[in-house]
Structure formats: structure tokens, C-alpha cells
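Protein chains in written order, with numbering that gives the first Met the number 0: chain P, 0 to 420; chain F, 0 to 420; chain E, 0 to 420; chain C, 0 to 420.
No lab work stands behind these hints, which were simulated from the structure alone.
Chain copies aren't distinguished; within one or between two, either way the pair holds.
Capping the alpha-carbon separation at 30 Å, the derived lysine-lysine pairs in DSSO-like fashion look like this:
| hint | residue 1 | residue 2 |
| --- | --- | --- |
| 1 | K298 | K131 |
| 2 | K48 | K314 |
| 3 | K294 | K406 |
| 4 | K25 | K75 |
| 5 | K251 | K352 |
| 6 | K314 | K406 |
Number of protein chains: 4
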Amino acid sequence: MATEANSVAHPTLIEVDPFIPADQQKGIHNRWHPDIPAFATVKPGQTFKIQCVDWTGAQIGNNDTSDDIKNVDLTKVHNLSGPIAVEGAEPGDCLVVDILDINVFDKMPWGYTGIFELENGGGLFAREFNSKAAKAIWDLNGVYATSRHIPGVRFAGVTHPGLIGTAPSAELLATWNKREGELISLHATSIPPVAYGPNPTGAYVGQNLDPKVMEKIVREGARTIPGREHGGNCDIKNLSKGSRCYFPVFVKGANLSVGDLHFSQGDGEMSFCGAIEMAGIITFSTSIIKGGVEKFALKQPIFLPSPIDPLYSSKLVFEGIGVDIHGDGKQYNMDASVAYKQAALNAIAYLMKIGYTREQAYLLLSAAPVESHVGAIVDSPNACVTLAIPTGIFDHDILPNPNGFPKRNFGQCAIRSDGAV
Amino acid sequence: MATEANSVAHPTLIEVDPFIPADQQKGIHNRWHPDIPAFATVKPGQTFKIQCVDWTGAQIGNNDTSDDIKNVDLTKVHNLSGPIAVEGAEPGDCLVVDILDINVFDKMPWGYTGIFELENGGGLFAREFNSKAAKAIWDLNGVYATSRHIPGVRFAGVTHPGLIGTAPSAELLATWNKREGELISLHATSIPPVAYGPNPTGAYVGQNLDPKVMEKIVREGARTIPGREHGGNCDIKNLSKGSRCYFPVFVKGANLSVGDLHFSQGDGEMSFCGAIEMAGIITFSTSIIKGGVEKFALKQPIFLPSPIDPLYSSKLVFEGIGVDIHGDGKQYNMDASVAYKQAALNAIAYLMKIGYTREQAYLLLSAAPVESHVGAIVDSPNACVTLAIPTGIFDHDILPNPNGFPKRNFGQCAIRSDGAV
Amino acid sequence: MATEANSVAHPTLIEVDPFIPADQQKGIHNRWHPDIPAFATVKPGQTFKIQCVDWTGAQIGNNDTSDDIKNVDLTKVHNLSGPIAVEGAEPGDCLVVDILDINVFDKMPWGYTGIFELENGGGLFAREFNSKAAKAIWDLNGVYATSRHIPGVRFAGVTHPGLIGTAPSAELLATWNKREGELISLHATSIPPVAYGPNPTGAYVGQNLDPKVMEKIVREGARTIPGREHGGNCDIKNLSKGSRCYFPVFVKGANLSVGDLHFSQGDGEMSFCGAIEMAGIITFSTSIIKGGVEKFALKQPIFLPSPIDPLYSSKLVFEGIGVDIHGDGKQYNMDASVAYKQAALNAIAYLMKIGYTREQAYLLLSAAPVESHVGAIVDSPNACVTLAIPTGIFDHDILPNPNGFPKRNFGQCAIRSDGAV
Amino acid sequence: MATEANSVAHPTLIEVDPFIPADQQKGIHNRWHPDIPAFATVKPGQTFKIQCVDWTGAQIGNNDTSDDIKNVDLTKVHNLSGPIAVEGAEPGDCLVVDILDINVFDKMPWGYTGIFELENGGGLFAREFNSKAAKAIWDLNGVYATSRHIPGVRFAGVTHPGLIGTAPSAELLATWNKREGELISLHATSIPPVAYGPNPTGAYVGQNLDPKVMEKIVREGARTIPGREHGGNCDIKNLSKGSRCYFPVFVKGANLSVGDLHFSQGDGEMSFCGAIEMAGIITFSTSIIKGGVEKFALKQPIFLPSPIDPLYSSKLVFEGIGVDIHGDGKQYNMDASVAYKQAALNAIAYLMKIGYTREQAYLLLSAAPVESHVGAIVDSPNACVTLAIPTGIFDHDILPNPNGFPKRNFGQCAIRSDGAV
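Working from the sequences, and respecting the hints, build out all of it.
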């Protein structure tokens, strides 16, 4: 018969509490550096679990104002769990990581999506909208998310780690700091900043380290904001539970870290804190392909998507080209980023015709399983990018209606307590 | 019983011959201009067919060298069939277009994909690869394409018009010419050019027009290369047969034109002539939503994709970020175009490990139903873009093999008769 | 350049006229017999086309009464095109058939779905409904079907041959005739009949044959109604264009025949003439696997479905069990056929709540891409079968509405000129 | 910030221990009867969790023999958690149930699939195979299952309750017992039995009840084996997490019960204990549609499938017809159950060519996300049923190989300790 003796739970290698600030907990770090020691070690083939705080480390609450978003301390992100060393992994190998599952904590069945202030974090339209903090709280009911702040929608999560990567070597870290430092120098006064250099303020490694090692890490450690050669904050929604990922290995043990779990996200994650941010538990197993970097020309991770990614076959698709049609009409030169923005602005304008506020539309397109494809990238001078909204996530019909849309009022998302939007 | 009397074929409004140069045929034009008169008129609700030459107008042959690609005359593209006026359509309306079917001519069951010369047409990697002309001929066997020039693959077509749009108003045309002219001025010596201004050389309208009207059209007419507010050369692979499209109307009658039919294309169409280019017959029906531009905030077309787009659920996905990792390592500032290129270069490098040549890989990624998503567009400074290759299009296993790939030789695509690659 | 010289059309091996009675045309036959000679021969690897009349051979017209259905001559069905011999195929081999495309004749862009009379053809509910002839004419607009007789729906075709198979050997034919003859004997008075034995009346082979051979064929030839070991009238909707099929070979040359083309069909094809019946052109290529019957334990055909089958992800699913809940409440013993019927009756009842007539619902569920799964086949005494209606084929919302459904009137399908239903 | 105060877990209404026999636990019952009182009550709209033992109530262990399967006590199944009353539900209403999630217990990350003995439980091929007990243990690694007893496969779970239903009214219960009793009488000596009448032996209700009530329940209570009008043991794999179900209500409160959780199952669940049986936690929310039975003609449950059901687009499909080709060649009369069996036997024979044993193939087709469609149900005398195996669940290529399959040995599943198979 079934007994405890013949049933073995998968071990949890890092335990955290989602209600305690991240910098008071073990097994968490928020910078990339080769000298951060492995917090735990696994054998290839072993299934194991890792617990993660949300990316801000409990700074955001389940409530109806966005003041916490306004005042978020971004020197303390992203809070990652790890590193996990894999026995036998060496530089030049390929680390195969199966993302077997991602779950919320039973005690915290909610997440959030935020629009950050222009001066604190920004987002894709921070300047266009002169963004003030706004927020949607999502109730996570099993596989579905709904929000009291964005009525009329429900969707299945394409749950994934926003941030997952192997540790950089010293050389790779130096390359990052150099190239990003040069960019920062070129745009020194940009708001929001174009990039974030190493910053000891807020830097954290939840291990007992030699002070000299710690000092080196916080001084040199790369910020976690962008994705890079090792993976990192790629925010790829389809790197979801059920997917198999292949990472290049840069240090002995590979030293995998993970965090910034997302219950759902749209392609682009446009509002910056645009996914449904959550704390939770991720389940992994790993294997190693010796010499995989050379075998597969592996300059960056590759992956196989999950067979259980949500499938909504009916979609409404918006086009965008590399001309600032919603702004000053400027003609760009083969710029897919501008084209993405135009497609997104077209979608926001459409959702506003249905009755959503601009902030609700912005948050919704960030968090829902929206798909954005690069349509054409060779038709000079205009890149073309599409953005597809699944129609099945709405409990009302959003298709173009020959009579126009009936007036509907969906209220507003959570905004600042001073009422500014 | 079934009889000819109770069976009515859908009418063909424009007939062409795919073996005759486009500029010798009626109902074809290759510039955008509001003064090009409607070649035919339809009532809303009517199903009708339009025949189209391939985009070059029969310049490319079914053979095994790429000399015709090398010497293609690009002043004469794209050859569009139309315009078709829809009764009752007025500026400000939304023209609903159902793309009901797209078929090859029985007498021409093949298409081609080309890499253009750096000096004549270019392509996404024209400079990186110092591109010489290359080509793959595709045999179109019903719903599938195969190529003697790229062995080992077979895929179902996501057949679509690369180019479809309504006619611009005079104001809109002026806006295009102004903004693109300014960009050209800024990059006057770029090779390939950053954009193409109006050019009477090669301009063609296959109608008997007053010489003054004709002169105005060829002098002012916008080139067809980029997608714009009216649709145009968007090269969106999912604007495929079975899709329903909503176009803004800028002139009385809407004046729809279509051409550049593609049997298949990957997201991005990276080699420029990257789709499987074909001549063929497209079937439409239309309807009008009065005042649709205002009702739906319709600055650009929107569409509903087709339920019969090919479905390959298993994919191998490559990541790319906004750093020129395959080149000089330059750090870009939130540049999705660069990120797309890196993902594509990662994929090309992978396919070369399997045994394809660089040119074969470049052509294959252009033509096959590859998907490219904008992963993240807010993680400064790196945009992240993915490119997914469906594994089911290969007759061999392309997944990462722990033993590396066996050496295979897939030959080479069609190249120049002087052997240059 | 593109020329006729470098473009070769796929050859058409059998040409028919969809407006001429089948028994006046060459290359058609309507019985299975090993002695029917090959009408044409192909080499493995060759792409070729076969034209087919509709299964009745032009007996049904595009009009608004069902009198032609009432009076259809079923001794003359199904009209198949063939046989096609494949060079090198021998008994015991596996014939691989790629169904590359299926198209309507340009001159006949319509099809029909029929409910047959209880006394002439029947159908799944012939007795329950005491069926009178009824019919829906479908307009085939490219990839879509719509019907003036069933308003409010439009769907993409999962186009397939209802009937395709290799020729039986003499031994296999004898087995069929023996086993079916025994069943007929057991149920000699059943209306409609439980099976159809060989019948010279109406039998036809459109070739000049020795009268003795012809006499043998029409005397012994198996009727085409059921599917059997060689394929035959399996009416599997997913054996559609784009699929690859593996047939056992029973005679030298394999002798493939095909007909009963369906533009679309629901799983089960419940009204008997339930698919959208059409005339048209099918494109094939073939190959041979020597000894494939033994290699793959091939007692019946197997196949790989097409990547372009229509995808409607949202479905409303009805359950049925092996109890005649809609009738006398009888408890059956693990009967999946009864369970299918109950699921179908539940679906019909639901569609009638929306406003369709029983006949419209019956025809719609027969013709649309409805899916029926065997849920459970082991839970004694009740088999459980589901029937799923794609919601996206309707232009109105059919999901359960808390307020019930608004009264709507969709008219009626084509019925008999005497008004009987 | 995130705090326990602003985070509220979904309540668990029934708690069980998967390692304790079911008949020692509260909130469990294993018969259907209107007099079983609600164990808990919920308000419409509330999200809540229910824990379930496996269907046998801990009788089967994680080990490598099938002796526990051989000796399983089937008078004690299925162990259901419930009933749960929903406030306001009355007979004639429709109970809407959202299956929001299903998870294994952390401490029991495994499940099993069994072949039952001919004399104890049976299964679809119990007589054909003269079945001896056999078993596969599945390791549940997040969304995936693998088995040491069936190497070479891994698949994502389509996780669902095999058994879910509302309580019957007294009238409905009487109908069940009458009709099934009559069937039993007709086949009194059948092995395995054709149905199971009420049986006090093993009957259990985990509540403190008046002995008279208890006696009535165990005397009259319907067995849980078949699906019926209220749902019940329908074993529909797509009634999975993420689906929305509509049940008819027969008693005040609706009294929903659930159990027999399946990590995965193939259509048909052919080996009887053919799913991956598991203990676990199911998350629900409910709502009520007043008068829904009348509004929707709701004789049996209907449902909307989940957007996260696993998607494997590549499949190998087997056909079966209503003739016992694998047995004595008997011709049946429109029998979809026989057709299903033939399709399954064709698939088993194919998998044996690849190297699996008959028992492994039987278990695998029962447990993996295999799809079985009713192809045709009107082509007298042969029903046609298909069975589709997703090719992507194998780590090796199972498509027909022109060279035949290389000899492979996949060992054997768990069998009896006496070695009998």
C-alpha cells in the first residue's frame, strides 16, 4: 500500500518567507558575480525545489493604492534564489535545466502588476505617459488570474521565471560592466537611465562571506535588470513550466540562480513591472552536456517551450511600424522597438474604446498572454511588429463591432493615494 | 442534380500571366498613389478573385543559378494587382477584407527565396555576410513546400499576401514622402539605402491614363518597399488565407491592391526576398464598417488570424539580446532589431553545426514558418527577442544531441554562375 | 525569368465533369474488386492529380428543396476515381500516400449536406426522428463554408476524402462478402438495412472491360458503404489535406481509389450524408515501404494528421453515456455507439434552445468540425463519449448564458417540396 | 508590503492523509446516495480546496510488483471526498464548477497505472489477454510523468478528476438501480461482471450518521463505477484543471463529490485502472444558474475544456472498425466499442514492433494523452474509431521507418511476484 516509506518528496534546497524582506533571508542574492559561492549543490538527474520571494522582496502589498510601487527601492532587485551548483558542470558545458513546475505559496495566492513612476523605474511608455505609479492586484485561483482592478478578464497563467541564469565568469562580468558603462557614459542624464552599473547600495548576498569577497561582489556585481549571454532577466514568457532550457556554463558548477517568478506575462512585459509578479516555488531537474557550448554554437541559452502553455486560438492582432504615429510622426530607420511601441499604442487605444482606462489597458497588455511577433525586419525603412490579444481572456466580446462598442465602465486600477495618474 | 446552371464560379476581376513581364500587363501597378484609378469595382459581400504575378514580375526563373537574383531590377517592384474599389467605402470607414484563399497557378507550381546582393537589395545580414546572390527554388506540392536546394525539410505553407493595402490619400502620401525623404537625406550614402524615394524609373500603371495623371503618379508615387499606415508591404506571415483584416480607408472606394504573394515566410523574412515568392490567385470578400476608423481607433490595420495556419507545437527557440555578440560586441540601447539579429545569428550558427551552409540556413529561416517573439522590451539596456524553429519541418532530428551532431552534407543552395558566395 | 519552359504543372491522371452523371464517365468505379484494372499508373515520388465527382455522381443540385435527396439512387454510390497503380507495389508492402491538396472545381464552388429518408439511406437518427429528406447547401468561399440554410455559422474546412483505399485481394473480398452476408442474414428485415451485399444494379466501372470480367466485378464487387481493412469509406475527417497515410497493399500495384470528397465533416458524420459533400481535385504523391505490413503490424491504415487542420481552441463539450436517456431509458452494456448518440442528442437539444431547428442542428453537427472523443470505455456498464462543438464557428455567443438564450429564429434548412419534416 | 495580513490562503474544506486507508478517514464516501449529508458548505464564488486519497484509498504501493493490484479490494472504491453543498442550489438548477487546479501531495509525488486481473476488475482486454495483474509506477516531476517501468516516454499531465458529480435524487438513484439491475440479471454469470449493484460490503461514509440512515445508504447506494446523468466516473481526460463544468442539480445544495484524481489518462482509459492514479488536492469555485436544466436542456453535464491541456501536434493515428480483426473476424453491427478495441489492438501491435511488451503498451496507451475519435458512425455495418498517439512523448522516433525498427528492449513493467503475465 501507499506509505510514507515508499514515497519520497522532492527536496527543497532553498526556503524563504515571502513576507520577510529579502535582505534578511538566506540563499538570496541580487547581483551577478562569479565569486558568489554555491548555496547548495545537486547531482544531475535530481529533482529539487527552490523557493523564491517576489522580485522586490516583499515590498509590494495586496491593497488598493500604488504608493508602494511609487516608493519601491530598486537598488534591492531582483532577489534571486541560488546559486545552485551542479556536480560536474564546467565552463564550456551546456547545462540542461528542466523547469518542471512553478507554484505560488499556499499562503500567498496573489500577485501584482505595476506601472512605475517615470523617475523610479519607468517602463516602455514612461515618457509618453509621464507615468505615475499604478497597480493591479491579481487573485491567483489555481491556473487562472483575475483582478478586481481590471474587471472582465480571466486568463490561464503562462508561469515562468522572469529571471534565470548561470553565473558569469570574471571575464564575462568584466565585458558586461565595460560595455554597459560605455552606454551609460553616452547617456549620462537620461531619465529613466539607459542602464544600471554596479551599485553597492542595496546589494545583497544572503550568505556568510569573507568581508573582502563580499566587498568585491557588491562593488563589481552586475545588476540584474537586463538579459545577457547567460540568460538573466530575459522575461521570456514561454520559458515556462514544462520547458527545457540549455544554458552555457561559465564557471565550475554552473551556479544557477533564479527569481522574479511570473504567474503570467505578455510578450514585451511593457510596463516594466508588467508581469504578474509573484513569490513561489520552482521545481527543477538538470543534466549536463559536456562541451555543449561548442557542439551547439551556444552563445546564449536556447530552449524547448512547454506543451502546456495556454492556447487561445482566437486573437485580435494590431500592427505597428517604425514611425512614431502616436507621437511626432518621426520616421525611424528599421527600428523594431518603435514598431512594437506603435502596435502597443494601437492596442491601448482600442481597449480604451471598449471602456478600459489607459492604465488598465497598459497593465493588461503587460500581464496577459499577449503575443508580439516581429513581422518584417527588412522592408526599409519600416520594421513591422504585431501584437496579438487573445479574445478568449475576456468575458465580453472585444471583436470589432459594426455598431461600435457600447459604453462600458470598468472602473480604474489601483492608483496613488494622492490621486495622481 | 448538379448543373452548370445552378453553379456559379467566383468571378476573376484581374487576370495576369505569370510568365509575361509585369509591365506588359493590365491591372498591375507598382507605386502607391491616390490618382491610380480603380481597375475594377465590387459590391460588399461579393466573393471575387484576383490574379497576381510574383513580386518581381517574372524576373526569376526555376533554375540552379542565382544570376537572375543578382541582376534583378528593383525599380520595377512590387507588382501589385488592383486597385479594386468597394462600393460605398469612404474615407474614415473601415474596410473589412476576408482573405478567403490563395493558390498557385496550376501551370507554375514553384516559388523561390533569394538572398540579394549587398549592392542590389541587401537583406538583414547583407553587410555582415557581404551578401552575394543566392537562391532556393521551392517545389509547391499542394500544401507543402520542398526544395532541392535545401534538402531535409518539408513544411506546410502559411500562405499570405506579403503586400496588401488601401490607397493613400494625397495628404498621407505627402506625409510618407516627407518623412522618408528626410531619413534618406540623413543617410544619403548608405548601402543598401535606408529608404527609397519616388522614382519614375521602372514605375508602372497597367491602365490607359491621361499622360499628365501618369506623370504625376510616377513622379510622386510612393515605393512599395515598407509597410505603412494603410498596410502595404507588412510581410506579416499570419495575415494568411483564412484571416479577416480591417483596413482604414483613405480614399473613396478604398482602392485595395494586393501582390507579393508568399507561399510561406518566417517572422522577419530576414533575407529580404525571404519568403517563398510566388505568383498566384487570391480570393477575397469585403464589407464596410462606416466610421470604423473612429470606432476602433484605427490608425493601422488590425486582423484576426486564420484557424488553418500551420501548427507545429514542438519548437527549438533561440534568444537574442541587444548586444552585437556575433560582431564587435557593441552594446545597443533597447534595440529589438539588434536582438532579432542576434537570435537569428544564433539559429544560423546552430543549423550550420547540423550541416547546412550559412546561405541555406539564412534562406531556410527566412522561408519556413519560424516564429519570432519580442520577449522583453523594458529591461534596460537589452531588448530580448526569440526565434523559434519548428522541429517538425525537418525529416531528421535537430534537437540538441548529447553526442553532438553527426556530420551531414546538405549540399548548397543555388549560387551565382561565377561561384561567388 | 519564369517561363512555361521551366514550369511544369502536376499531371492530372483522371479528368471528370462534376455536372455529368458518373456512369457516363471514364476512370470512375463504384464497387471494390481486385479485377478492376488500373486506370493509370504512377511512379513512386511523382506528384499527380485526380478529379472526382461528388459521391452521388451529380444527383444533388444547388437549390432549396430536398427532393433530390429523397429520391437519390444509392445503388450508384460511391463514385470513386481510380484505380491508380503504383509501380513496384506488391502485396505485403505499405503504400505511403501523401494527400497534398484537395480543391473544389472553380466552376462548382458549393457542396451539400443531407439528411436521408428513413427508407432511403437513413442516418444515425433515422428511426428516432423518422427522418424525412432535408438538405443544406454550403457556399464554399475559399477555406470557408457558409450556408443560407443554416445562418450564423462559418467554418474552415477540414477537407478530406471520405473514401480512400487500396484494392482488396480476392481472398479479402471473399472475407468481406462472407462476414457481411452473415450479418445481413441475421437482420434481414431491418430498415434501414444493417449492411449492403453485392448488387449488380447500379454497379459501374468506367473502363472498356471484357464482359466476363465486368460481370464478375458487378456480381461480386463489395459495396463502398463501410470502411474496411484497406481503408475505404472511413470518413475520418483528419485524414485531410496535408496528412500522410500508410495503407496495406493487397494486390500488385496497390490500386488506389479515391472519392467522396468532403469539404468538412464532424466526427461521426452523423446524418450519413453528413459531410459537406463536394466534387473536386485531389493531389497525391506516393511511396512504397517494402514489407511494411509486417514491419508495422499493419492490419489497417495508419496516418499522420495534417498541420493545417483547423484549430478552434474554444469548445463546448457534451457528454453521453450508454443509456438511452433521450429514448426509453434502456441500459446498454458498454456501448460506445449509444453513448455517441446520447452526446449528439444532448447537443441537438442545446442548439434547439438557441433557436436552430432539429434538422439544422443535425446537419450542422454532421458537417462542422465537431470532435467526438471516446472518454471512457471500461466503466461498466456505461461507455462515455463526448462531442465538442467549436464555439468560434458561430457569429453569436453559444456559451451557457445565465439568463438563458434570447429567442432567435434561424429559419429552416431545405426540406421536401411537400413540406414534410 | 506583502504580509500575512493582506494574504489569505484558499481554505481546505476536506483534509485527508493519502497513506491511511480511506475507511478510517472523515469526509470520504464510496457510494452515491441522496441521504449522505453535506460534509461542508460553500458560498457561490468562493475558492476552496478538497483533498482526495487515490481511488483505492492507499491500497497500492510504490514498488516493483503488482501483487497489490492483484489483490485490490474493489468493494471499497471509489473513495470520494464530499459531499460539498453549495448555498442556494436547488433541483433544476445548473451548478457551474470551475476546476481551478489539481496538485499532488508534496509528500507523495508518484502515481500508478494498473492492469487488473480478469477475475478482479478486468479491463478492456481482460478476456482477450486473459489479464494478470501488472502495474507501472509513475514519478510525477512537476508537470511531467515518467516511469521506470515504461522507459523512453515522458509526457505532460492532462490532470483531471476521473470522478466528479452531484448527488442523485432518490428518484434518479432508483432509476439507476433498476436499469442496471436488469442488465445484471441478463448477464448474471459474466466475468468480469457487466455491472455492479448496490453492495453493503465495503460501503463507507466517513461521517457520524444515524445507523438507520447509514444502513439505507449502504443498502441502496449506487456503486461508483460508471458515469451517469450527474457526471460520476466519466473518466473524461479533458475535464481537466482549467475547465469549467455545468452539472444538473438533483438535490438541495447540489452536493458535489469528487475523487479518483488522474495525473493523466488516454481517451478510453483502456486498462480500467488505466489513468495515472494519484492522491492530491483539487481547487474549485462554483456558481449557480437558476433553472439551468431547462435553459440548456441539461440532461447530463456539459463543459468547456481547459486552455492548458497539453498540446502535442504530431500524432500517429490508428484506425479500427467494427470487425474483430484481431480475434475471430466477427462482423459487428455499427459497434463503436469494437472499433475502439481494434484501433487499440493495432496500436499495441505497433508498439510491440518498436520493442515494448504487450503489457507496457497497454499501460502506456491507457495513461498517456492518447486521443480517440469516433470517425464514422453511420457507414453500415462498420463504425470507425481512431486512436492517436502523440509522437512527442517519446524520446525516440516512433514514426514508420522504411527500414523497420531497430531491435530495442524496454524491459518489462511491474508484474506479479509469481512471474505470471
